[in-house]
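Asks: Listed here are the chains, written in short residue letters.
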Amino acid sequence: MNSVVCISQVPDTESRIKIASDGKKIDETGLKFIVSPYDEFALEAAIRLKEAKGGEVTVISFGPDRVAQALRECLARGATRALHIKGDATAADSLGVARVLAAAIKTLTYDLIFTGKLGVGTDSALVGPMLAELLDLPQINVVTKLEVGDGKLTAHREIEGSEEVIESSIPALITAQKGLNEPRYASLKGIMAAKKIAIATQTLQDLGLSDLDIYGRGVKLISLEMPPEKSAGKKIEASDPVAAAKEIVAYIRDVAKAI
Amino acid sequence: MPGVIVVCEVNEGKLRKTSLEGLSIGKQLAAAAGGELAAVAFGSSAKSVAEQAGAHGAKMLYAVSSGELEAYSTEPYTAALRQVIDQVKPSVVLFPGSANGRDLAPRIAARLGVGVASDVVKLEWTDGKLRARRPMYSGRVFGTYELEGQPAIASCRPNAFAVEAAGGTAAEVVEVAFEAVPNRAKVLETKSPEAGELTVSEADIIVAGGRGLKEAANFSHIRDLAHAIGGAVGASRATVDAGWIDHQHQVGQTGRVVSPNVYIAAGISGAIQHLAGMSSSKHIIAINKDPEAAIFRIADLGVVGDLFTILPALTEEVKKAKAH
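Chains as they are written, first to last, in the working numbering: chain A, 878 to 1136; chain B, 3 to 326.
For the record, the hints were derived by calculation from the structure and aren't laboratory data.
For glycine and all other residues, C-beta sits at the position ideal for the given N, C-alpha and C.
Do not take every clue at face value.
Chain A side only, calculated, beta carbon under 10 Å to chain B, not exhaustive [what the hints assert, rightly or not]:
#1 Met878
#2 Glu1041
#3 Leu1086
#4 Ser1087
#5 Lys1107
Only chain A is shown next, with the shape it has when bound in the complex:
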């Protein structure tokens, strides 16, 4: 059972996000980068499959030099191979990113492709289904439970307030939701073993793509801005709960007009 896990490296979710002076990028100065949290569930699912059934877990990412650190971390947790496609992923739209990943994955042998349900930060939730389409694979999105059998899999997909049980043929693409598993931490042994694995690198040109195919097209960013600072409203001390409750109801009824 060979898996490919597509990961993106994103600013730590605790980060204070600032816009760079060009108004089009996030200021990366001093930012700590992490593997996007949903990609961790994706990686863990692939590692567990490898442990149960054997095979390779290839972790792959498109991005600048700093991405190598994220790939290294995935190797330390149990991925067996890593591929870094070098480029400026922030200058491509989601379809561009999916095209790059698809071109790289077409050179690999795989049974399942995993990725997170969205990349934290850009919050688009597009690359997974786009990649499934480009590779002509069935997709099961936002998966909270997965069982892989012989030539087919069963997955639970989260939908509004409920879930679906989906049966799919293999190969297939899965996007991982929180709840799929508890991602492990890297062990010291894992960290040492990962140091012996070389991270393969490729450029867009190596994949037969040109910059013009990928960058600055499609959904183009015009500007970034911070939302208006929300200011605090009225604050009351609730010494009498009933009086406080009446004031809240009055607010909901008269201001929000929701009762």
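Since chain A is already given, all that's left is putting chain B on it; use the hints.
Replies: Chain B alone, transformed into the frame defined by chain A:
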């Protein structure tokens, strides 16, 4: 010919609210872009929404009524929508930002070789192109994008666009015959939601609980109020991680990003990840015993006090107000 089509979801013979929101903004875009507004619906009840779609501005309803489209599944729906798009050649295709809308939009976009602006909160037709504003970093930054694709594709965040009645007559139904395709990922079963529970992404009112509840059983205070007021139950990450409540209820950066009319946060201190998920709510009410809690910095009405006495009192007062 239609300039804008809105992919609609039908539930028990009616359009879902997110579809009405899509039609409402779609109508404005069609007026600016030139061309008509059309709705698209799938399954045997597709035609039943002609009147409702018309009342919200759709001139046409493309109905792909095949029984194979009774329930959503990625591959058949992608094929069916492709047929409609090939026939209509719209400038803009809008999707509701629902689980299925967000599954289908990127799939069809990749098939057509165009991008998607997902989870948008504002759409404008400017200089012959669609411009979309969307939250990023869980609402800590907003990006404005220009869509070059033909068609331009966007999914709309629930509750971001107002539902406006256009007063039109029933949409003209255009039947589209479905050319079936293999479906490799089949839905075996849909587990029904807990009876009467609203989901946080679509709710107008959310009552959310945090660590201040002290234990799982005390979520009953949150549920009672949510039930009385007709809202959904939300939760902070800490309570989900502690196993007090299911992840479906989590609001914040690794949960749902929501923007209801009213958000009531009880016993939630206001970690940056939680605030990111709810700060665009229109009216925020916070109940917390710690007067320094970060949640008070963004609350429109902050109540410093004990949630264990305030929530039951509030539930009673809401019931009284509703009874009037």
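Asks: Are the hints correct? Go through all of them and say.
Replies: Against the structure, the hints come out as follows:
no.: 1; hint: Met878; in the structure: violated, 18 Å
no.: 2; hint: Glu1041; in the structure: holds, 5 Å
no.: 3; hint: Leu1086; in the structure: violated, 14 Å
no.: 4; hint: Ser1087; in the structure: violated, 16 Å
no.: 5; hint: Lys1107; in the structure: holds, 4 Å
Of the numbered hints given earlier, the model fails hints 1, 3 and 4; all others are met.
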